[in-house]
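Order-wise, the sequence lines are chains A and B. The first sequence begins at 1 in the numbering used here and counts up one residue at a time. The second sequence begins at 270 in the numbering used here and counts up one residue at a time.
Keep in mind that the hints were calculated from the coordinates and are not lab data. Every residue, glycine too, gets a C-beta built ideally from N, C-alpha and C. Any given hint could turn out to be false.
To be verified - One-sided excerpt, in silico: chain A residues whose CB lies under 10 angstroms from chain B:
id, residue
1, 31
2, 32
3, 155
4, 177
5, 195
6, 213
7, 215
8, 262
What the hints assert, rightly or not - Over the 12 angstroms line for every Cβ pair with chain B, so calculated as not near, a few chain A residues:
id, residue
9, 27
10, 62
11, 77
12, 95
Stated by the list, open to error - Not close to chain B: a few residues of chain A, all C-beta gaps over 12 angstroms, as computed:
id, residue
13, 72
14, 73
15, 90
16, 100
17, 107
18, 146
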Amino acid sequence: MSAATYVVPASGPGPVVEPGVVRRVEQVMGMPISLALRGRHADTSTGAEAWESVLASLRWSDDVFSTWRAESLISRLGRGELAVTDCPPEVAEVLALGEAARRATGGAFDVRRVVDGRAVLDPSGIVKGWAVDRASAALRDLDDTDFCLSAGGDLVCSAVPDRPTWRIGVEDPRDPTRVLAVVPVRTGAVATSGAAHRVEHVRHAVTGLAPTGVASVTVVHSSLTIADLDATCAYLEGAGAAGWLRERGRTGVVVAPDGAAEVVSGRSG
Amino acid sequence: MKRILLWVMSTLTVLVLLFGYRTSLGGADLLASPVAPIVGAASTSGSADTATGSTTTGESGSRTVTGTAAQTRYGPVQVELTVSGSGSATTIDDVAVVQYPHSDGRDAEINGYALPILVQETLDSQSAQIDMVSGATYTSVGYQTSLQAALDQARA
Numbered sequence: 001m002s003a004a005t006y007v008v009p010a011s012g013p014g015p016v017v018e019p020g021v022v023r024r025v026e027q028v029m030g031m032p033i034s035l036a037l038r039g040r041h042a043d044t045s046t047g048a049e050a051w052e053s054v055l056a057s058l059r060w061s062d063d064v065f066s067t068w069r070a071e072s073l074i075s076r077l078g079r080g081e082l083a084v085t086d087c088p089p090e091v092a093e094v095l096a097l098g099e100a101a102r103r104a105t106g107g108a109f110d111v112r113r114v115v116d117g118r119a120v121l122d123p124s125g126i127v128k129g130w131a132v133d134r135a136s137a138a139l140r141d142l143d144d145t146d147f148c149l150s151a152g153g154d155l156v157c158s159a160v161p162d163r164p165t166w167r168i169g170v171e172d173p174r175d176p177t178r179v180l181a182v183v184p185v186r187t188g189a190v191a192t193s194g195a196a197h198r199v200e201h202v203r204h205a206v207t208g209l210a211p212t213g214v215a216s217v218t219v220v221h222s223s224l225t226i227a228d229l230d231a232t233c234a235y236l237e238g239a240g241a242a243g244w245l246r247e248r249g250r251t252g253v254v255v256a257p258d259g260a261a262e263v264v265s266g267r268s269g
Numbered sequence: 270m271k272r273i274l275l276w277v278m279s280t281l282t283v284l285v286l287l288f289g290y291r292t293s294l295g296g297a298d299l300l301a302s303p304v305a306p307i308v309g310a311a312s313t314s315g316s317a318d319t320a321t322g323s324t325t326t327g328e329s330g331s332r333t334v335t336g337t338a339a340q341t342r343y344g345p346v347q348v349e350l351t352v353s354g355s356g357s358a359t360t361i362d363d364v365a366v367v368q369y370p371h372s373d374g375r376d377a378e379i380n381g382y383a384l385p386i387l388v389q390e391t392l393d394s395q396s397a398q399i400d401m402v403s404g405a406t407y408t409s410v411g412y413q414t415s416l417q418a419a420l421d422q423a424r425a
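All chains, full assembly: derive it from the sequences and hints.
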């Protein structure tokens, strides 16, 4: 396994090293995939094999769903060279999730857009959370082992009852070296949508405009697929993000452009 | 000194720890959000009220303030603050949840829906006791300067 090396800010002593937590990081799907393991298989070959399975699963999803590759199934599907029935069942699953999101947002979220007069099929807004949820299955099989798996800031974690919960920091969208909130999670997922790292990469499917009145939306849920999707959908609502989450009974944090953070109290997973 | 510490306790009122939970756990009448505010003593009477929490002073002048354990239907929830300075210059350096219910499978599930705790003073990478960071999608470039990158480097 090749461990990627990254530049770490030189200032300060850095975070406290937590004993027993083994960390791994690799680039897949054009983003850093970070894993923290603790417990029986944190540093065993079984744990390392599970990590390789996670990466293989993510690469499979990237191969199938990458809109950057002209020969991916999703690109060929978008050009009409394939039918959904020609694709693995995962493609239909992702498109069904996209349709549900389109309905829930009145069309603001849509995997089908028109770009330069050309119809484009782009389920990227769904695939990340879904793919990480799917990839984490290999980690759930590890006996007596806790994991926290993050793909570019969207993460899923699990911890056995007698160990501490994972503590998830919610990044300050104005300063990626700081956090605005902390979420203790035992088993569940946290996803954030915003413009902090990719400038305005989330746009309204109909108007083509980036949302205003909101800096980031973080959602906590049992499923990363839903957390990721709903964070994106709520973000698209702009200043109405918190209200949109509340209507759906979601749990999360909405950060305004001035940095003010609002906790939304969900009542259902 | 006692008065200052009690003032600090009053700042605990801004920290509200909430638990959301699945609808499957109860009927519609149970869906009202089970808000469990962690409320410290706002009193400056100086009377000993041990039920509102405790304070200890560390070597560096920072102090640890432990809030009252709030009873939720799943068990007690308690937060601990590390503070420094005094009076209006008091700053919260860290927030830790020192107690939450985790005795059975249901509690484990509930903890999956624990609401975020808003950190009153944003924490930098030195003081934040966190395992992972949730943020807007990192590109490789954005990642290099992120707190997540620092965490990934902090290998045990």
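Status of the hints after comparison with the structure:
no. : hint : result
1   : 31   : holds, 6 angstroms
2   : 32   : holds, 5 angstroms
3   : 155  : holds, 5 angstroms
4   : 177  : holds, 5 angstroms
5   : 195  : holds, 6 angstroms
6   : 213  : violated, 16 angstroms
7   : 215  : holds, 9 angstroms
8   : 262  : holds, 8 angstroms
9   : 27   : violated, 7 angstroms
10  : 62   : holds, 14 angstroms
11  : 77   : holds, 23 angstroms
12  : 95   : holds, 21 angstroms
13  : 72   : holds, 19 angstroms
14  : 73   : holds, 23 angstroms
15  : 90   : holds, 21 angstroms
16  : 100  : holds, 19 angstroms
17  : 107  : holds, 22 angstroms
18  : 146  : violated, 10 angstroms
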